[in-house]
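Protein sequence lines, in the order shown, are assigned to chains A and B. With our numbering, letter number 485 in the first sequence gets 485, and the count goes up by one each step, no holes. With our numbering, letter number 453 in the second sequence gets 453, and the count goes up by one each step, no holes.
Be careful, since some hints might not be right.
What the hints assert, rightly or not - DSS-like mimics (lysine-lysine), calculated; alpha carbons at most 30 angstroms apart, straight line:
| # | chain 1 | residue 1 | chain 2 | residue 2 |
| --- | --- | --- | --- | --- |
| 1 | A | Lys-198 | B | Lys-305 |
| 2 | A | Lys-190 | B | Lys-305 |
| 3 | A | Lys-190 | B | Lys-366 |
Quick caveat, the hints were computed from the structure, so don't treat them as lab data. Keep in mind the model is a prediction, meaning the values are calculated, not measured.
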Amino acid sequence: MIVLLPVLWPIAAGAAVLAYTGIGNSKKKASAGSPASGETAADRASGSDASGTGSGAVAGSAFGHSRITALDLIYMAALALETVLVIMAAAGGGSVRLFSLTDTLTLGLRVDGTGSLFAVLTSVMWLLTGIHSVAYMKHEEWAERFYGFYLIVVGVLVGLDYAADLVTLYVFYELMTLTSLPLVLHELTKEAVQAGMKYLFYSVGGAFLALFGIFYLANVCGDLSFTAGGRFTAEMAAGAPLLLTAVFCMIVGFGTKAGMFPLHGWLPIAHPVAPAPASAVLSGVITKAGVMALVRIIYFLVGPDVLRGTWVQAAWMVLTLLTVFMGSMLAYRENVFKKRLAYSTVSQVSYVLFGLSLMNPIGFTGALTHVVFHSAIKTCLFLFAGAVIVVTSWKKVDQLRGLGRVMPLALAAYTMASLALIGIPPFSGFVSKWYLATGSLASGTGALGFIGPVVLLISALLTAGYLLPIMIRGYFPGQDFDGKEIEERGLAKKEPSLLMLVPIVILAAATLLLGCFPGPLVAFVEKIAALVM
Amino acid sequence: MYDRLLAVPVFLPIVAGVALLAMNGWIRKEKRERTMQWLVEALVLVNSLLVAWLIAGCGGRSGSLVLFRLYGQLTVMFRMDRMGSFFAGLVAFLWPLATLYAFEYMEHDERRPAFFAFYTISYGVTLGVALAGNLVTMYVFYEMLTFATFPLVMHPMTTEAARATRQYLYYSIGGAAFAFIGLVTVLAYSAIGTTGFVPGGMIDPAAAAEHRNLLLFVYVLAFFGFGVKAAVFPLHDWLPKAAVAPTPVTALLHAVAVVKSGAFAVLRFTYFSFGTEILRGTWAQWIVMAAALVTITYASTMAVKEVHFKRRLAYSTISNLSYILFGASMMSPLGLAAALIHLLAHAFMKISAFFCAGAVMHHTGKNYIYELDGMGYRMPVTFACFTISSLSLMGIPLFAGFISKWSLCEAALSLGSEMSGGAGGAVGQVLPYIGVAVILYSALMTGIYMLSVVVRAYFPGFVQQVKEAVAGGSARKAAAVGAEAGITAAGAGAAAVIGAAHGQNDVGIKKEGNQDPSWLMLLPLVIFAVAIVAVGIHAGPVLRFLALIGGEAG
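Let the hints inform the model, and build the full structure from the sequences given.
This is the structure:
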């Protein structure tokens, strides 16, 4: 039963926040002397306009922590409690049957190693990003709505991680799309709404593609609950002519969320238009929900033994390698900072998928460790981008010259995360990439097994190419840099506020620590790998 | 006694409706519309309770009542079997709520008595289709349904309405002619000498073997004949046009009663007259299945293109009706059960979607999708219900639509594996799988055409523009942006922003605030929304009942 708590608590808390703000808003408006009734979004805008006049919502102005409201505190406390609950559930184990949709479709949750890994990761990233978001949302509007949906999404994600069978996973997967949509739409600009629609339609389309596979598996297999190593034997697979097609549909379908080619188009559009904390979790955590779904299907339902050496494996490998290369290339050419990071996500999540497509223990280990590392790194990078926006309102990469004079400490954290993403030892990315490369060579997939490491290497070079210049030009802007804007706006030595800086620094430190002492994590993942293969 | 009562729910509304028509002038002169409405509601409610009592009383036995003989073996008779009770129960559940909804919707209408008269007559006729005990009776009521409902399409009395009515009549009567061929053939080849419904069909197997291709041809004709009311491609065109009718008509008749009578007739004809034994694996099955799939693809694509709110929903109806026909065309117990669960789920989802559209139209006069920006905040309850029905139509789990989609695909895949041995020829091996793909494609299209409305309603993209204009200090510009978007919500939003900026109280906004309709409209909406969720999270009992029907007739 304990596994229910981390799912229900944030959903209830988020719903409560959403319900409360309706009331809170009208009160505020009444005191401001503006129209009391009416609930249009425009009205809300007016509410915060009226109350926030002169409060310096303009970027670049100073704000300390004095304006942290009770709601902010409750919100952070709720996230902290969520982390505790997830850890308790992970430690406590157990399973629960929720209810039955029909006689054959039941929903249930079950704690296992993989689920715990993803759930703990999710809740920790959510907590750190949540703390950052309190500061970030001071210069955005409708913070309460953001808090509400932000809380709900984490509950849904934990439910997805602990899902006991494919139908439950699918339920939470759809709910995740729908509840995370308001985060993308948040700013209510034309671009945001268009990007949100794109996000929605790609996700839903992908989910329906995957649903074809689910229908087919249900028809062939009957029972869709997850078992380490899969449920299919060679004879069962031989008796199901469309099994491989169905699996491929699910790979492409769930791969949508992970930004895998050919359904990656939404990601670089949708991630950057969201507020930076939302981009951080969208890239760092929600993309991993697609990964999670594929882990479950390949390693816990169909079984790697059935798929190894088939055309599905080869096609999947080709798609991931293509995505890895393409994402890096596009990131390299992109000038908008957050968009560059989003392209980077496209490329990096496909590292994970590449590891999964190898279907051997080494590749699996590389994939799951890269899930953790990329999550920490990319969250850190996006939070940094958010801090830059709040402090300087700079959004383009070529504006970031001389950033080292503004926020040397934060830029140092950025540097650490960048090095980790490139895969330079002793930072964490190196460990996962090592496993991915050796796994690829040992996979016995012929030429593809050799092409893999080459693509990873090229992508690492491109990663260096798109991340490091920001650091270099930040610290060493060059002789011709006059720093006029920085002086005029009084930006010199203006680190982001502690609420933003602390999560960034913690995450940067984590990328280093995990790289230096990867032992426990690798051992944990290898244990899972041994179970499923 | 029980058996005799079977005719009452059919004829009570018809008699009452005719009486209303007769008193039309008096009611209008005396201004007794209000009283008349409540009497109608009471009558409809009593009738529904009677149906409920009959269903509950039917239990295991299936009572039947022969009303009169047309000629020889042609009898008009009613019978309450599981399948009939299912449809009758659904209709009886929806009608009182829809009548309640119609009160507020029709409040400014000149010709209310006539409207309610025909509305009530349609109730009886629909029940006649549901409770018909043989093909002749069903055919009679099927024809009557056309004539009882065309005045409702005609109701707005515009040129557009007249054209739509004409088309509706031509299509329906033409379709009935094809269905008539089916009726005659069934009688000629009947093993029992009558057209009575027998689970599993009653065509004489020996005769069937002899004239196999002729029978199959007649089946295809009759499928399209009855399929006209279920708007099967290429005979679908009347339905979007008929959206000119008042919303209670579009919602109840053109999303449930009339169109589902068509689907129900197809199911009856396929599973209770012809029998799936003769049809399974033949070219006739693949033709009708292909027709259903083409309809689904075509209509869900058209719905995305359509910007008129009600017409978009009408196209969605066409596509969803063919989900039912797709289930019917599987000729298997699972297919029948899946068709019926979708019949139920779609009834709730589409009637509630139409009611939301109607509430918006009635209270704000907005007819087009692009006018709906920000409406979610002005009609919160309405749009909450609309969101639920949208998600359900898409087939998101935890809503009824998912259950029916799952059942349909499960049935299609098991048909596919059954046919994989080559029993149905080359087409039979692939068509069921194509069917699943088509359903998923349609689900994606549904997502696009429904959720784009929801997103617009809750997350209007213009807000930022308005705000920027205000920040720029130009109140006039802000209002202009709002006006430019052609949206009163934007205008209200802009006014609110301006009001706030100047620290003034704007009384006008208060009126604009909550525009949700009164309880007459909200109660049906909320009940349907609850029903959608209830079926969505616990469909076990319904499915078990439907499996019984499928088991006996498939």
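Status of each hint after checking the structure:
1. For the suggested pair A/Lys-198 and B/Lys-305, the alpha carbons sit about 17 angstroms apart, so the restraint of at most 30 angstroms is met.
2. About 20 angstroms separates the Cα atoms of A/Lys-190 and B/Lys-305, which keeps this hinted pair within 30 angstroms; it holds.
3. About 22 angstroms separates the Cα atoms of A/Lys-190 and B/Lys-366, which keeps this hinted pair within 30 angstroms; it holds.
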